[in-house]
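Asker: Take a look at the letters that make up each chain.
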Amino acid sequence: MQVTMIVNGERVTRDVEGRLLLVHFLRDHLALTGTHWGCDTSNCGACAVWLDGEPVKSCTVLAAMAAGHEVRTVEGLEQLGELDPIQRGFMHCHGLQCGFCTPGMLMTTRALLDSNPNPSEQEIREAISGQICRCTGYASIVRSVQWAAAEESGTRTSTVDPASVRSEPRSRERTADRP
Amino acid sequence: MTAAAGGRVTAFVDNDIRPVGRGRMLRKEDPRFIRGRGRFVDDLQLPGMLHLAILRAPIAHGRILSVDITAAEAHPKVKLVVTGVMLAERSLAWMPTLSGDVQAVLATDKVRFQGQEVAFVVAEDRYAARDALELIAVEYEQLPAVVDVRTALDRSAPVIRDDVEGKTDNHCFDWETGDKAATDAAFARADVAVSQEMVYPRVHPAPLETCGAVADYDAVDGTLTVWSTTQAPHAHRTLFAIVAGLPEHKIRVISPDIGGGFGNKVPIYPGYICAIVGSLLTGKPVKWTEDRSENLTSTAFARDYIMHGEIAATRDGKILAIRTNVLADHGAFNGVAAPTKYPAGFFGVFTGSYDIEAAHCAMTAVYTNKAPGGVAYSCSFRITEAVYLVERLVDCLAYELKMDPVELRLRNLIRPEQFPYTTKTGWVYDSGNYEPTLRAALRIADYEALRREQQDRRARGELMGIGVSFFTEAVGAGPRKDMDIMGLAMADGSELRIHPTGTAVLRVSCQTQGQGHETTFAQIVAEEIGIPPADIRVVHGDTDQTPFGLGTYGSRSTPVSGAAAALVARKVREKARLIASAMLEVSVADLVWEKGSFYVAGDPAASVTIRDIAMRAYGDLPDGIEGGLEAQVCYNPENLTNPNGAYICVVDVDPGTAVVTVRRFIAVDDCGVRINPMIVEGQVHGGLTDGVGMALMEMIAFDEDGNCLGGSLMDYLIPTALEVPDWETGFTETPSPHHPIGAKGVGESATVGSPPAVVNAVVDALRPYALRHVDMPLTPSRLWEAMSGNPRPPI
Ligand code: FES
Ligand code: FES
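The listed protein sequences derive, respectively, from chains E and G. Per the working numbering, the first sequence runs over residues 1 to 179. Per the working numbering, the second sequence runs over residues 1 to 795.
Please keep in mind that the hints were generated in silico from the structure rather than gathered at the bench. The reader is advised that the hints may include incorrect statements.
[Claimed, not checked] Pair ranges (Cβ atoms, derived):
no., chain 1, residue 1, chain 2, residue 2, range
1, E, Glu54, G, Asp715, 26 to 36 Å
2, E, Asp114, G, Glu407, 46 to 56 Å
3, E, Asn118, G, Pro76, 51 to 61 Å
4, E, Thr13, G, Met714, 30 to 40 Å
5, E, Asp114, G, Lys402, 48 to 58 Å
6, E, Asn118, G, Ile242, 33 to 43 Å
7, G, Phe548, E, Thr155, 48 to 58 Å
8, G, Val539, E, Thr155, 52 to 62 Å
9, E, Thr13, G, Phe548, 43 to 53 Å
10, E, Glu126, G, Arg452, 30 to 40 Å
11, G, Glu165, E, Glu126, 56 to 66 Å
12, E, Asp52, G, Thr657, 32 to 42 Å
Glycine residues also receive a C-beta, built at the ideal position from the N, C-alpha and C atoms.
So that you can see chain E by itself, here it is in the shape it has in the complex (with noise of 0.2 Å):
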């Protein structure tokens, strides 16, 4: 069957299998492959995508179900050469370390800000909660999204992000100032 939808602004039509998830629409057949894969279950969220503005998981959404729709992935996040303040944030406050989960929590975290400019700590951990993230221990993605709340609202006024202040006990045995 033949799907026309837009995908990060652009008109895409293709010819597809009925059964086509659109992860792999996106990934196989648009060469957009930062939107991944994780699992059969729908448990992962490293394919979220927005659908109509919406965060989705595109391993459980047909092509053909969002053929006359509008879909933004990862890719679309960057416009005219200018970062999302989200995925600045992720890089400022080390909110990714494999990078494998970030496409999907970037949409899902970009979306919980332009509903809640503001979220608390307890928000941002609902928000990507239908996402797993196995590498950074999701306090430093906590940390990136409310670094992008502060840039995008004006409010952040330092350039010490908040992931630096806690204090550091040391003991150390050398000292300070190596060589």
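Since the structure of chain E is provided, determine the placement of chain G with the ligands on it from the hints.
Answerer: Here is chain G with the ligands on its own, set in the frame of chain E:
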């Protein structure tokens, strides 16, 4: 501040001037990941590429009576169907495992675990390959499955490994360490001896990216390129050469971006071999990507130890000895990826962080009808099990002595002046200063206040628990003389080239799966040679592009490859010194190195920068000075390094539902010199989450027929952001004396140290129930049974 460039942005200090150990130099790999431009194996699309899917055994134990592939072959999109018998004709049906056993690539005689590979299909697209699997008809004669490890050695148990000539039981190996007589004597004269049986259940690393490969064989020039999810590309190349009989110089293994490894991506899996065979036979590139249930049911599990532990002490809490008997489940094939001489990995460090008189361990490993594997999930070669054993035993002893578990630990920790410390099982700990680390954790936690709060809450009927653990890791395998896999010694190469314009490329043998090597290794070289980190590109994960080495696992990248990077930079610096002496027309002895330049002693104005030297290295030079500015080293570590740390976990248990909430977790790590504190903290966070997962929810369980009950992320639970707290971390720094920059490695510390802290906390919370031990995973139902007076082991 903008984040436009990758490596150069830093929030605190200028990492160009002080590259190592300061501030938060942002990661060079992030700009591609946050744009969705990482390059993972499944992202690869090659012209004409075909897709491979594997048919797996639906039962745990059964004889294969027939395999009918005619219908599958008739599928219009199918290009190739291969069975075990067809592989056997090419002598490819079996492959060596990393521990000297063999494993079936495709089953020929029997299937030995549910999920075992039976046949594969190569088709035009992913979906067609899957469709065709359903057209393959396999007839089995079902055999009784060996599931309960405790009865696997019974005479009546069916023999799983009848492929091994003369095999009449399910025995895998026996292993022993320590001094039995001395240990028994210490127990005989001890005031107190406490014994506890504890199970470390089977768990799975479950990296978010499953395993996969793209194999591309070029029949004309005989070259094979394999892109695969491997943590050890060089070792895999050698194994492919051995298994497939291809000349090694024509094999190239590329490990592109890897979506997490945690040990899951160390072994060679049948799927990789199938993809290679598929490409050899079709002449086309072939992609294999396993699904999540294949990942959970067939690839390397971790743990699966039943440990009977005993600890002996004096009445006032001086620990005298520890002994343990372990029953280890190795699954259907011994696929452990541990160094050859260490069939039980580094479990021998079960004496932990304590100065004791004697220790002994006896272990029996058996085969069962379960997936093979054993060393994975950030375990540092079984140190996770060892630390769990000793840290639980110490808490059991504190319980019996009615002593505070912190006080008991403080009385027994190895003292700083005892390092290097040789344990009673023969391990040499390189350095440590344990007490300040524990005290730092107590301070952050405000331990006294927590104990007071606990008393108040108990008085109100609430269940609050505080758990402490202290761990010592042993990471960075080799040295060469002690550690190898299949004869390949654990030493790693590194190569550094400085270009005429003063930028550099570092090539290392290890492979990042999220640890940030492209950043930290550039920092190491920058520190040594004075070129800004942004100007140093780190190349890794491609056997054609990098020197040989055994890869990334057991937290060995920084201890081994990191050392190699520092040493190769020093070697280049010595070459630069010769060139500088020619440029400044002084003898080398008169030159002083200051980060990034050489100057003449007593005349700092007469100096040349590394950039000047680089250009000259490729220009006119006096006779006798070799041109170029590059070098290669192979680093053979002198010993393991020993990161350590003190962890404190605070939990609340709901008395009505037995749900455990981890309220706080304090982790103070000593991993020696930290190259990039931001990355180190991230590594700790990730490991702590793994630990909470294992303690509270993760387990690969089986029913009595050997059906895997943990085959999806609905059944195998992994912590989400809602199950873990905001981590509280701290760091102490005791450099490794033998590592060139004093670093120790940190990737697995938190996975090793955190499970006992969580379990100790939960058991502490359940003090009103007079429970001394409850086995992981501490799910609400299992905990509820324990609180109802019926604690049960999970297997
Ligand atoms: S791939 Fe796991 S939720 Fe979509
Ligand atoms: S960064 Fe690896 S899964 Fe999240």
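Asker: Next, verify each hint and record whether it holds.
Answerer: Against the structure, the hints come out as follows:
In this structure the hint that Glu54 (chain E) and Asp715 (chain G) lie 26 to 36 Å apart at CB holds, the actual value being about 28 Å. The supplied range of 46 to 56 Å is met by Asp114 (chain E) and Glu407 (chain G), whose beta-carbon atoms lie about 52 Å from each other. Taking the beta carbon of each, Asn118 (chain E) and Pro76 (chain G) are about 56 Å apart, inside 51 to 61 Å as hinted. A hinted range of 30 to 40 Å holds for the C-beta pair Thr13 (chain E) and Met714 (chain G), which are about 35 Å apart.
Between Asp114 (chain E) and Lys402 (chain G) the CB atoms are about 56 Å apart, so this pair conforms to the stated range of 48 to 58 Å. Against the hinted window of 33 to 43 Å, the Cβ-Cβ separation of Asn118 (chain E) and Ile242 (chain G) comes to about 59 Å, which falls outside the hint. Between Phe548 (chain G) and Thr155 (chain E) the beta carbons are some 52 Å apart, a value that agrees with the proposed interval 48 to 58 Å. Take Val539 (chain G) and Thr155 (chain E): their Cβ atoms lie about 41 Å apart, and the range 52 to 62 Å is violated.
A hinted range of 43 to 53 Å for the beta carbons of Thr13 (chain E) and Phe548 (chain G) is consistent with their spacing of about 49 Å. Between Glu126 (chain E) and Arg452 (chain G) the beta carbon distance is about 32 Å. The supplied range of 30 to 40 Å therefore holds. A C-beta distance of roughly 58 Å is found between Glu165 (chain G) and Glu126 (chain E), which places it inside the suggested range of 56 to 66 Å. Asp52 (chain E) and Thr657 (chain G) have their C-beta atoms about 39 Å apart, which keeps the hinted 32 to 42 Å range intact.
Hint violations for this structure: numbers 6, 8, all remaining hints satisfied.
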